[in-house]
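Chain by chain, the residues:
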Amino acid sequence: MQVNEFKPKIVAFCCNWCSYAGADLAGTNRLNYPADVKIIRVPCSCRVNPLFVLRAFQRGADGVIICGCHPGDCHYTTGNYYARRRMTLLFSMLDYLGIEKERTRVEWVSAAEGAKFAATMNDFVATVTKLGENKRLEDLRCKK
Amino acid sequence: MSFSNNLKENVIRSAGVDPKKCMKCGKCTATCPNGNEMEYKPHQFVYMVEKGDIEPLMNTDSIYKCLSCFACVERCPRGVEPAKFIEAVRVAKIRKQGENHLKADMIPDLLDEDLPQQAIVTAFRKYSK
Amino acid sequence: MQRIGVFVCHCGTNIAGTVDVKAVAEAMKYENGVVFSTDYQYMCSEAGQNIIKDAIKEHKLTGIVVCSCSPRMHEATFRKAAQSVGLNPYMVEIANIREQCSWIHKDMATGTEKAIILARTAVAKVHLNAPLTSGETPVVKRALVIGGGIAGIQTALDIADAGFPVDIVEKLPTIGGKMSQIDKTFPTLDCAACILTPKMVDAAQNENIKIYSYSEVSGVKGFVGNFEVTIKRKARFVDETKCTGCGLCTEKCPQKRVPNEFNLGMDQRRAIYIPFAQAVPKIATIDADYCTMLKTGKCGVCSKVCTAGAIDYTQKDEFITEKYGAIVVATGFNPIKLDKYDEYAYSQSKDVITSLEFERLTNAAGPTAGKLLRPSDGKHPHKIVFVQCVGSRDTRECGKSYCSKICCMYTAKHAMLTREKYPDTEVYVFYIDVRTPGKNFDEFYRRAVEEYGVHYIKGMVGKVIPEGDKLIVRASDLISNEQLTIDADLVVLAAAIEPDKTARPLATMLTASMDTNDFFTEAHPKLRPVESPTAGIFLSGACQGPKDIPETVAQASAAAAKVIGLLVKDKMKNNACVAHSDENMCNGCSNCAKVCAYNAISYVDKEFRMPDRTTRVRRVAVVNDAVCQGCGACTVTCPSGAMDLKGFSNKQIMAEVDAICK
Amino acid sequence: MQEVMKNKAKELLASGEVRAVIGWKKGEFCYDITPAVFTNAEEIDNGFIYDDFCGANLSKYLIKEAHKDGKVLVFLKPCDTYSFNQLLSEHRINREKVYVVGVSCDGKVDIEKIKRTVGDGIIALSSDGDKISVETLYDKYEINRADALAERCVNCKSKKHVAYDELLGDEGEVLDSKRFDEVEMIENMTADERFEFWRNELSRCIRCNACRNVCPACSCEKCIFDNDNSGYVNKAPVTSFEENMFHIIRAFHVAGRCTDCGECSRVCPQGIPLHLLNRKFIKDINTLYGDYQAGEDPEARGPLTSYTEKDPEPSVVTDKE
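Chains as they are written, first to last, in our numbering: chain A, 9 to 152; chain B, 7 to 135; chain C, -3 to 658; chain D, 116 to 436.
Think of the hints as simulated: they come from the structure by calculation, not from any bench. Not one of these hints is a red herring.
Partial chain D-side listing against chain C, Cβ under 10 angstroms, derived:
{"no.": "1", "residue": "His206"}
{"no.": "2", "residue": "Ala332"}
{"no.": "3", "residue": "Ser334"}
{"no.": "4", "residue": "Cys335"}
{"no.": "5", "residue": "Glu336"}
{"no.": "6", "residue": "Asn344"}
{"no.": "7", "residue": "Ser345"}
{"no.": "8", "residue": "Arg416"}
Partial list, computed: chain C residues near chain D (C-beta under 7 angstroms):
{"no.": "9", "residue": "Met581"}
{"no.": "10", "residue": "Asn583"}
{"no.": "11", "residue": "Gly584"}
{"no.": "12", "residue": "Cys585"}
{"no.": "13", "residue": "Ser586"}
{"no.": "14", "residue": "Asn587"}
{"no.": "15", "residue": "Lys590"}
{"no.": "16", "residue": "Val591"}
{"no.": "17", "residue": "Arg612"}
{"no.": "18", "residue": "Arg615"}
{"no.": "19", "residue": "Pro635"}
{"no.": "20", "residue": "Gly637"}
{"no.": "21", "residue": "Asn646"}
{"no.": "22", "residue": "Met650"}
Idealized CB from N, CA, C, for every residue including glycine.
Using the sequences plus the hints, can you model the full thing?
What follows is the structure, encoded as C-alpha cells:
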C-alpha cells in the first residue's frame, strides 16, 4: 500500500429537506462512502452561493458537490431551479477557465435516496481522486 | 439494427411526427371521409408504425385510398397527424424502384373529362414518382 | 469572544463503536473559544441534558456544540435544553457524527478523524452564531372564503363551526355554484339540490358566516395572519336589508327577453331576477345591461310593485375593507367554450349541447321542467350520442392537455338516467378510456352498461353534420375497426373544465402561484395539497384541479382544518432563520424579490445621510419576517451581499468551508 | 455631429429643461476623452467633445447625477442605451429625471491599436472619413480607420437605440455580430490551454478596479470586495487564486445583467480581455436558456432570476466530452 495515498478534500453542500436527509438515510442504512466527504447543511440548494464553491477551492478543497431536492420537489417550490441555473453557469465558467470540470457536480438526491447518496459520493470521490490535488484553484496561503 | 427497425425510423423521420404521442382515441378514423374504404385505417397506421409493423402497410392499397384531405391532421387532439404517416409509408413504397401504383402511360386512359385539373396533378404526384 | 462548550455523545456504541469519543472531546478542548468539553453515554437523555444545562450555567457558555446524531433528530431537544437555562436556542449547533460519520465508517481512526473535523466545523460556525428570536405577529381571527360554491360553503361551515367568523365572497347574486345547476349526483343519484340547499341555508343562518353575494375581491394587502382585503360590492340596485325575496318584481318586470344564465341561456328571465327559487341570499338583483329604467330612465315597474320599497336605482358599487387571518380560494371551474370545435357542430345546431346544458334539460326546475326535449323543436329525442373528452386531453391550443376527471362519471350518469326515464331511447357513449377510480364508481359505470343497456363504444366522434332534423354522427369503433354513422337526435358533449377566469387576476393579488393551466399550485403536491405556497392562502375545490363533489368537499374540509389550525393561535411564531437586508448596502435592484417564492420582499424609499451631510433617498429591500421561509434564494441573487440569511449567514457557511478545508 | 449635440445641450440648458449635461470632454491627451458634467453654455463651448474616442458609456453616471434635483441630459450611443435600460430595470435611475439624447455611432477607435502601429508620443489626431491622421513627436502617419476600431465596435451587436427621448443622427439596426467567435475559439482549446491562456491574461491583473468602477452593472452601493462584513473582502491580489476569484465573481455578479458594452476591456490598463468572461456567460445563457439581451427590454426578467422546469441539468457542463 502506498504510504502517502492522496486523500481528497470534498465539500458537499446538502439541502436540509432532501439531500441532508438522504445522507442521514445512507448512515441509517450503514452505506459506506469515503470519509473525505464533509457535509455542510444549508436550507436549500439555492442558498449555495457560487462564492462558497470558490471559497472551498481557495481553501484547498479538491472537489465540491451540491445536492438538492429533485427539480419540482423543492421544499421551497422553486429554489433548486435557480440553483440549477447558477451552478450550470458557474461550472461552465470554471471549465472555460481551464479548471477541471470533474471537480464540480450537482446531484439531486431525495430524502429516500440514501443509496443514491452513498453511490454518488463514492463515484465523486473516485473521480476527484483520479484527478489528484486541486492545483489550479487554490490559494497558496491557505495550504499548509 | 435490423432492417425493419431502419424502415420504422425512416418512416417516422420522413413523417416528422411522433407516433408515441398517440392516445389511441380513434378520432382520426372517425373523421376520415374514406375510412371505410381503407383496409388499414388512419389510427392503425399510427399504431403499426409505432410497432414497426410497416411491411403490411406498404402492401395495402390503403396508402392510395388516403385522400390527403388532412381532416385527421386537423382534428387529432394530440398533434400526431396520422396523414403524415400514411404519406411517409407511401413515399417509402414509391421510393423502391418500380413499385409505383400507376405507371405514367396508364394515366391517360383513366382521365375523365370532368376531372378537375388539380386532381390530375395530385394524382401524378401521389401515384407515381 | 464566545465561550463554547462541546458535548460528545456516545449514543451507546452507535457512535462510540467507531469514533473515539474521548479523543474527540479532548481534541475540542484545544479549539479556539472552547472552554468546556466532555462526553457522555446518551446526551439526549435527561441526565445528558442536565450535563449540558449545568455546564452552560457553570461555565457561562455563550454557545454549545453537541456532537451526536443528525440535527433532524435531536436539534430541537438540545435547543430546548439550552433555552431552559437561558441560552438562546440558536446558539446550539449539532455536529452530526452518527449518521454522517460513525455509521458509515468502519475503522476507529477514520471515524475519529472525521468526527473531530465535523466538531471543529460546528465550533467554527457557533463562533459566528448570533442569538435569534422568532418574531411574533398577532393573528386576525377571521377567515375569508372566495367563492360560494360547494367548496366555499363547506369550508366556511367548518370554520364557522369551530367558532371563527368567516366571510364568503361570491361574484354571483347567490351562493351555490355549479352544484346548484346539477340535477343528480353520481354514484348515488341523489338530487343535488336536496343535499346542497340545506347547506346553503345553514351558511346563511350561521351566526359566524357573513355572505357577500354579488361581490368580488378587488385588492389584497398584508400577509399570513394579517391580510387586508378590499371587497367590491357590485350595485344590485336592490336594498339587501329591505328585500324580502317575495319575487313579485321578477314577475312584473316588462323586460322578459334576458338570456337566463342559470339555465345556460336555454330560456329567458326578466331584467330583475332571483337566479333560482332556493337562492341564498334570496334577494332580487337588477341586471343593468337590460333594465329599461337604468338604460333609459323610463319604466320603474319593479319599484312600483315592491311593497318593501327595496328598489334603489341610484345604488353604486361599494368598496369595503376587512381584515382576515387566512384566505381560502374556492373559485371553482367552468366548462370550456366550444366555439373552436366546429366538427361537433355545437354552434350550428341547437341540438348539440354540453353536459351542463343536459343537466338543466333534465332538471325539474330547468327550462323544460325536467322533460328531456330537444332544444330545437321540443321533441323527445330517440337517439342520443354522448361524446367524451371534448377538449380534454387535447394538446392543441383550443383544448386542455389534462383529463377533466369528472366527465366519465357524469356521462355514465346521464346515459343511465336517460335510459331509466326513457327506455325507448338509444344511448351511445363514445369514449377513449373510461376512467372510474373512486368508491363505487366503476360499479356505477358497469350498471349503465349491464343494467341499462347503454352502448359504450371505444372510439371517437370525428364529425357531427346537421341534416334535416337529424344529426349525422360520424365516428370510429376501434374494437370492430370500422367507421360508424349514427343518425342521432341529440348530441351531448362532455366539455373539458377549466378554472374560472377570475382565478388568474385573483392569484396575482394573492401572490399565490398557478400552473400553466391556471389551476392554483399547492404547497406540496402530496403532503400539503390544500395549502398554497404563499403562507395563509388555502385552496378548496376545483380551483386546484378538476374534482368531483366528494373530493371537493373533502378538500374543503381539509382547507378548513388548516385555517382553524392557524386561527386558534393568538400569535404566530415566525421562522427565526429569515433573510435580512442591510439597507446600507442594498441597491434596491429588485432581483431578490424576483426570486422570492413567497413575495416576502418589498421595497421602501428611505432617506440616507451622505458623508457630505446631504441626504439622498434610496430604494431598499425590506424582508417581511412573517412571510419569509428562509430558503436563501435571495441571498445569492443579491450582487452587493446586502441580503443575508440569519442562522445560515455567508460568514457562517464560509467558516464551515474553511474549517473543513483546514 | 458634435456641433448639433452642443447646440442641443445649450438649448436645453438655456430653457431650464435640464440642470446639467453629461457628455465627454478632453483629457490630458488628445485621445483620452473623459466623461464630464456640464452645467452651462460656456463649459460646453469650451470643453464638450464628441469624436472617435468618446467610447465611455455615460449611463452609469446617471446613478449619481439623477438623484439630484432637476433633469439631466445624457448622450447615449446605441450600446449605452442597453446599459441605461438595464439600470432602469434595476431601479437605479429615476427615468423622469433623465433626458436621453440618442446619438448615432459608427464605432469608436482603440488608441492601443493605433499605438501598436505608430508607437508612443502621439500629439495630434484627426479623422477624415476612412482615414485617421496621426502625428507623433517623431513622425506623421495615416492609418485606416477600420483597422483602428475597438474590438467591441468591430463586433458591434447593435446600432439601434433601445431607449431615448430624442435621437440625433440616424437610427440603426440590431446587427448580427460575430462577438462570440473568440469565446468559441477558447472553448475549443483543451482545458490545459484554456488554463494557460487565462493564467497568462489574469496574472497581469493589478487589481486597480478600473473594470469594476467603469462597469454599469457593477454599481453596487458597496462592493463585497470592499466590505469587511461580507467575508470576501479583498483589496489586492496576493496570489494567483485571488486574481481568478475576483474576476470570476465579478463576471458572475453581472451575469444576466451585463449588456456586453465592453467598457471593462476598454479601461483595463493591462489589456486583459475581460469581456471574454462576460461574453462566455452571455453565450451560455443564450444557448442554454434562450436568447437574452440584457437591457433590450427593461420589463424582461433576467435569466438568473427566472427558470423553466425543463432547464438543462448542470451535467451538460460537467459531463460533456
